[in-house]
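For reference, the chains in residue letters:
2 protein chains.
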Amino acid sequence: MNPSTSALLTDLYELTMAQSYQEQGMDEQAAFEFFVRKLPSHRNFLVAAGLQQVLDFLSELRLTQEELAWLDHTGQFTPELLRYLEALRFTGDVDAMPEGTIFFPHEPILRIVAPLPQAQLVESRVMNLLNFQTMVASKAARSVLVAGAKPIIDFGLRRAHGAEAGLLAARASYLAGFAGTATVLAGMAYGIPLYGTMAHSFVQAHRDEEIAFEHFAQAQPDNVVLLIDTYDTEAAARKVVSLAPALKARGITVKGVRLDSGDLADHARKVRRILDEGSVSHAQILASGNLDEYRLRDLIESRAPIDSFAVGTAMTTSADAPSLDCAYKLQEYAGRPCRKRSEGKATWPGRKQVYRHCHRDARYAYDLVTTIDDKVGDLPLLEPVMRDGHRLAPSPALTEVRRRVTAQLEQLPAPLRVLEDAPAYEVRISSPLQDLAQTVDRYV
Amino acid sequence: MNPSTSALLTDLYELTMAQSYQEQGMDEQAAFEFFVRKLPSHRNFLVAAGLQQVLDFLSELRLTQEELAWLDHTGQFTPELLRYLEALRFTGDVDAMPEGTIFFPHEPILRIVAPLPQAQLVESRVMNLLNFQTMVASKAARSVLVAGAKPIIDFGLRRAHGAEAGLLAARASYLAGFAGTATVLAGMAYGIPLYGTMAHSFVQAHRDEEIAFEHFAQAQPDNVVLLIDTYDTEAAARKVVSLAPALKARGITVKGVRLDSGDLADHARKVRRILDEGSVSHAQILASGNLDEYRLRDLIESRAPIDSFAVGTAMTTSADAPSLDCAYKLQEYAGRPCRKRSEGKATWPGRKQVYRHCHRDARYAYDLVTTIDDKVGDLPLLEPVMRDGHRLAPSPALTEVRRRVTAQLEQLPAPLRVLEDAPAYEVRISSPLQDLAQTVDRYV
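Line by line, the protein sequences are chains B and H.
Counting from 1, position 247 in the first sequence corresponds to residue 247 in our numbering; the numbering is continuous, with no gaps.
Counting from 1, position 262 in the second sequence corresponds to residue 262 in our numbering; the numbering is continuous, with no gaps.
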């Protein structure tokens, strides 16, 4: 069983509703939109991510015979629904912001238009995919803004929430500007550059730390990054210095050392001095260990001589905001715009478009959310990506998505580029959209 | 590609270290232990979970030809390592606390003893599996303690971190005492009871809310739970009352209503009165919407007439503590106990056992962590579960694990059963273990 591709990775109510839609013949076109209601604290913007996986999911949507047999055996579903599910393929349209687009609350980043039961059935997984990668990319982008040219590597697999989270966090952080990941499968699946050093256990398994370093260098002559905090960080740095000439004689260069505990800035300064005085000044210092964007900023502002960073748990779990207040809501059925008005959760009705307005220097000025027929700008953010269940083009390369994020981060207003909460970016709701909401409310 | 079963869902360093172990012939028995260094804030205890998935992973560990070919193509690995990986099967031993065991910091909940490269290679995924389910089960148990006899249902799939997180959060919360889940695949994969109602979109897709209710009742006559907050909660409750007699005439009973927004306690009181005065007093009230154990407690203490709760994002993401400070550390190699001494991350060396000591009334008194040869109690918590790569018994049924949690929560000292941070439960480190640590340090 592969949970990542099973059509039964969904909420039960998607099936019970489908059964009623079936009975009532309610299969006209429905438009659902995915958006974020409000920013989590500590976020000034979001980075759209996960569209490629959503399109994969929609393209491949089908139930296996085993799944159908299991549904049948529960006795909860009619033969008509089971027949419908057996034939189920996604035949709808998708419009979306390209991955890597910076966006803000109330802006739909994806719209699905399909016969009602189809558009409804995919809800749980579409949300599951967009929520996670968008959340991680948005968190990772903050570290990227702080680190500037210094590379950051994803070390988060072990505390990511399960298999897919580990894999997709590598993807989302890379597209946000990380240099690569330690997760091997992400290298194979997405071509993301892989980085890795050694574990403390490697040092412990040897009776002697310096011999451990030597063995590692011999096995990985092109990637000699040595972990030096297993016992005594500065003592280990001196061992690196003492080992370097013998390695050099064999054509092996010590590429760097990794610090993983204690006061990283202090250790980095001491280790830098030891390496420089020991003629190993070419060796870089990589720091890891409970890092997040705030600790990165502290280390960088303290001018600690650290060349690159590994960030794990805090980014992979988006520890300070481990979910988005996101929704996938019905905005139109059978040509009739609609919205929910639940307290604190009201939505804007109908199919919508988002236009971004920029200053002359290309910095973002404000966004305008409006009805789909109201063309009021040059830069519509949602683009057609799927028609009648078929992709209009292959998903862009991840490197292209990465360049988009880099470019858009440049265009962000300066106050939004800092870690502190900034005044909200302006998202205007157009008059036609406000009028539509009033009209819709009159008819309920 | 199924990330849940791929042997390449691992960190690159596991492979680079394996290459060195290969070259050096370092394949003697290594003992690694998984433990939590300290409790997250807002947790007084942890619930061990995830062992079944770890044993599945170890039993099925192998690389596919596609994975081997990809590794080869990277040019980073020797033919010797690739041959080793092609033949790789897990042949080691596992001892562990049974799933559902309550445990505390510094207590190993799992030990793997295997040839060094094997025991090392499985690190990333073993941690990934145990961290997530233990974290979720420990969070879910807090809601269970608060809710008492009132059922709680997992609604968390949409904001879980990916596919496997959604599936395994359903499992972990069920074993911790939840009544069931909305995630259909968790019903199929683990036999967990499924619950579901309807979405707001169902009401919106109909022009009339009462007709929506009627259609839903017709499609799900045995499971009529109606969502009543799409527009006006009390008005919708009155529609339920007006619809009930017609449904009753057709043999359909309204089982309940769901509240999902606004002041849940206030709405529940008003809705309860409307239902009771309308002769629908048998209908229960289910509450959902950003609930966690604190909001559950508030609602219960306010005596809001709510019969059951759905808890989603906060539990699935363990929002207030989305990771554990956990580790998988080498404690012995080739018969030689070892430990790391990194600042703030020192570990206790050697293979260990945990003994639980109870008061006469069966409440837990204290735990003792000691060396494996030091038999000092009647209740050793780690049990043999795998030998030479073979399971010693099938994993227990999830219902059995669930009963274990229920029983152990009863035995928890009262101060640990509340939501507030309590003084730490006593975990003693035995004299033989302290002596061993001193001896080990002398030889490094």
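Bear in mind the hints are in silico, worked out from the structure with no lab data behind them.
Values in this document were obtained by computation on a predicted structure and should not be read as measured data.
Don't be surprised by glycine CBs; every beta carbon is placed ideally from N, CA and C.
Some hints could be false.
[Unchecked claim] For the chain B half of the interface with chain H, some residues (derived, Cβ under 8 Å), not all of them:
1. G256
2. E301
3. Y333
[What the hints assert, rightly or not] Below, in silico cross-link-like pairs of lysine to aspartate or glutamate (EDC-like), each with a Cα-Cα straight-line distance of 20 Å or less:
4. H:K270 <-> B:E343
5. H:K38 <-> B:D320
6. B:K38 <-> H:D320
7. H:K38 <-> H:E426
8. H:K248 <-> H:E277
*Hint numbers the structure violates, sorted upward?*
The structure breaks hints 1, 2; every other hint is satisfied.
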